[in-house]
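Novice: The whole structure should be built from the sequences, with the hints applied where relevant.
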Amino acid sequence: MTVRIQTKDFDAGREIAALRQGDPGIGAIASFVGVVRNVNDGDKVTEMTLEHYPGMTEKSIARIIGQAKSRWNIFDALVVHRVGRLKPLDQIVLVVVTGAHRGDAFAACEFIMDYLKTRAPFWKKEQTPEGERWVESRESDDIAAGRWRLKG
Amino acid sequence: MTVRIQTKDFDAGREIAALRQGDPGIGAIASFVGVVRNVNDGDKVTEMTLEHYPGMTEKSIARIIGQAKSRWNIFDALVVHRVGRLKPLDQIVLVVVTGAHRGDAFAACEFIMDYLKTRAPFWKKEQTPEGERWVESRESDDIAAGRWRLKG
Amino acid sequence: MITVLYFARLREALGKASEQIALPAGVTDLGALRALLRSRGGAWAEEMADGKAVRAAVNQDIAHGDTRINDGDEVAFFPPVTGG
Amino acid sequence: MITVLYFARLREALGKASEQIALPAGVTDLGALRALLRSRGGAWAEEMADGKAVRAAVNQDIAHGDTRINDGDEVAFFPPVTGG
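Top to bottom, those sequences are chains A, B, C and D. So in this note's numbering, spot 31 of the first sequence is number 31, and the numbers just go up one at a time. So in this note's numbering, spot 146 of the second sequence is number 146, and the numbers just go up one at a time. So in this note's numbering, spot 24 of the third sequence is number 24, and the numbers just go up one at a time. So in this note's numbering, spot 64 of the fourth sequence is number 64, and the numbers just go up one at a time.
Read the hints as simulated data drawn from the structure, not as lab findings. Everything numeric in this text was worked out from a predicted model, so none of it was measured. It is possible that some hints are incorrect.
[Unchecked claim] Short, incomplete list of chain B residues facing chain C, as computed with Cβ under 10 Å:
hint : residue
1    : Leu-19
2    : Arg-37
3    : Val-39
4    : His-52
5    : Tyr-53
6    : Lys-59
7    : Asp-90
8    : Val-93
9    : Thr-118
10   : Thr-128
11   : Gly-131
12   : Val-135
All C-beta atoms in this analysis are idealised placements derived from N, C-alpha and C, irrespective of residue type, glycine included.
Specialist: Set out below in structure tokens:
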């Protein structure tokens, strides 16, 4: 598995190609790219800053990928997460999951994303025309993560 | 929406970038890449040929995307499907769905893939060390497509 | 006249990718057309047999035995799809 | 000595990203450490108040009020996460 926290941008096509390179057993690759939107809760967002907890971030994401691997029949997973100053249209996060079949790859990819949004130690501060604000935890994200617990 | 049937390869990163270009309302991009595996039903596959029904293929995929748009809150979708001779490790199909939030994007992407595998007029012939064979319709794919009908 | 297309395993077994057929009187739906093709005997009888999993489209929409066929239509016969 | 880290809104409100603290006798779990910090008054009393949604980790694992703290540990306090 690969976990990278970085300020620089990423290329989903190149990351997918690298993750699946040389493995002819892979039939399915599910991916997710998260992007900075220009609105959040109805307010215009001009820029945001993403802060994280170095060390714990990588460790918690690796643990999430391990859980996904034990729960679904997948081969490998990659998470690239950006931190620092980001603007609308910037890519924030990439999750790629490889497997033999699509059902497991999709489920594991969505599982990892749900956990990234609700458990991994990232904090978002938004700049709006009215000033800066720390984003509050979102109820809908907690619900999405809870879904998986019911299935356990 | 974009539907392309082609013999040449595709770059997922470039297709994602083109689909989301300039739309600052997009927060989530779910993608799927299907790849030729070197095994199917336990037999070694050295090459395959994908045949389709020109005209009906594009029409039926466009209809599937339209259904996804009416069912989930998504912005746009792209399907690129290769035909002709393909080898293990070759990419076959790309589905990209953009939306504001990840739940809808994931669901619509998986829905489109399930229908591509079970409804769109593609037929696969595999070359194995024992000779050629047309792939038979797979029961598990029919089950995956059936899931969505129950939800309707 | 209608255009009839054959795909994949069916195309190979029948040795034909397409043909033009003048619809005889009484052949007004897909089921009747399939029976007509079956009556050719040989590979046609085998591939168009009732027990065979043959799918069909009329004017590029999935069709069934009771789907009407009219002059000028494009009809296609093919095995269950195995895409992606 | 333990290392204590503060992140995001908490770091800004407390004006501090990290500090070293010598654990007083009797401060053996996270709840007691939070009470100790609260007793500093001002922003500390406010941000570490019982009603506040404060999350914590001990040695980079999510921790709770009854999680034990030992000399040499890395303890972190932060708001609920809002990632991705």
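Novice: Taking the hints in turn, state whether each one holds.
Specialist: Quick rundown of the hints versus the structure:
Restraint check, B:Leu-19 versus chain C: the minimum CB separation of about 19 Å is more than 10 Å; hint violated. Evaluation of the B:Arg-37 hint against chain C yields a violated restraint, the C-beta minimum of about 12 Å exceeding 10 Å. Contact between B:Val-39 and chain C, as hinted, is not supported at the beta carbon level, the nearest pair being about 16 Å apart and thus beyond 10 Å. For B:His-52, the interface hint holds, since its Cβ comes within 10 Å of a Cβ in chain C; the closest pair sits about 8 Å apart.
With its C-beta approaching chain C no nearer than about 6 Å, B:Tyr-53 sits inside the 10 Å limit, and its interface hint holds. Contact between B:Lys-59 and chain C, as hinted, is supported at the beta carbon level, the nearest pair being about 5 Å apart and thus within 10 Å. Proximity of B:Asp-90 to chain C is violated relative to the hint, the smallest CB-CB distance being about 13 Å (cut-off 10 Å). Look at B:Val-93: its Cβ gets to within about 5 Å of chain C, closer than 10 Å, so that hint holds up.
The criterion of a C-beta within 10 Å of any C-beta in chain C is met by B:Thr-118, whose closest approach is roughly 7 Å, and the hint holds. Hint on B:Thr-128 is violated. Least Cβ distance to chain C is approximately 15 Å, over the 10 Å limit. Hint status for B:Gly-131 relative to chain C: violated, with the closest Cβ pair at about 13 Å, above 10 Å. Among the interface hints, the one on B:Val-135 holds; its C-beta lies about 4 Å from the nearest C-beta in chain C, closer than the 10 Å criterion.
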